[in-house]
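Colleague: Sequence:
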Amino acid sequence: MTVELFSNVLVLAPHTDDGELGCGGTMARFVEQGARVTYAAFSIATRSVPDGFPRDILATEVRHATTAIGIPEDDLRVFDFEVRTFPANRQEILERLIEIQSDLQPDLVLMPSLNDLHQDHQTIAQEGLRAFKRTTLLGYEIPWNNITFNHQVYVTLERRHIDKKVAALLCYQSQQHRNYAREDYVRNLAFTRAIDVGRDLAEVFELYRWVV
0 MTVELFSNVL VLAPHTDDGE LGCGGTMARF VEQGARVTYA AFSIATRSVP
50 DGFPRDILAT EVRHATTAIG IPEDDLRVFD FEVRTFPANR QEILERLIEI
100 QSDLQPDLVL MPSLNDLHQD HQTIAQEGLR AFKRTTLLGY EIPWNNITFN
150 HQVYVTLERR HIDKKVAALL CYQSQQHRNY AREDYVRNLA FTRAIDVGRD
200 LAEVFELYRW VV
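Throughout the sequence shown, residue numbering follows numbering that gives the first Met the number 0, covering 0 to 211 in sequence.
Hints are computed from structural coordinates only; laboratory data are not their basis.
All figures in this text were calculated on a predicted structure; none of them were measured in a lab.
Mixed in with the good hints, there may be bad ones.
Cross-link-like lysine to any residue pairs, in silico, SDA-like; alpha carbons within 25 Å at most [said to hold, decoys possible]:
| # | residue 1 | residue 2 |
| --- | --- | --- |
| 1 | K132 | N144 |
| 2 | K132 | T147 |
| 3 | K132 | D106 |
| 4 | K132 | I99 |
| 5 | K132 | V77 |
| 6 | K132 | D183 |
Label pairs and their calculated CB-CB ranges [to be verified]:
| # | residue 1 | residue 2 | range |
| --- | --- | --- | --- |
| 7 | F52 | N149 | 29 to 39 Å |
| 8 | G33 | T84 | 23 to 33 Å |
| 9 | E98 | V211 | 38 to 48 Å |
Cβ coordinates follow ideal geometry from the N, Cα and C atoms, glycine included.
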């Protein structure tokens, strides 16, 4: 994908860290090339934080993580819908998304895959499709949640982009117990995806709408 086509990018993260996991390297590349990148997270998962951390630690960690990628704090939006309740709050979430659309009018939206099994991810993807149906829309990969995923779009990356993705994920100290937070996994996935197109590193996306 020619990322220079887009200058106003919105990333939809159901929970803090989903955006970094799915498209952290791509965000870093967009920022490097001068695009505005706005990150909207819809839950800080206060009830899922491990013992020993403040309940609202993810609100702090997402600020540090997006800063590590190069996103200004003014372009970070954090909501506090409770984890695993998004389907019950579908209309309110849609209203927040429509407000963001009206305010930002992005030319590219990166969101979870429509094939993502997690109920919160599904809600953000489905309502994101409604709110941004006139915008270029791509679904990012969360491999452990996707039974199927169509690798239609490849964003090629340099090592410095993956370095920033790794640095961002390391900001989530409360999530380091999760196996998908491992640095070797993050780097190997980018390497594996790039092999498909004969490149060194890449992140992949499903294509839902392309407007140029």
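Colleague: Starting from the hint list further up, note which numbers the structure goes against and sort them upward.
Modeller: 6, 8, 9
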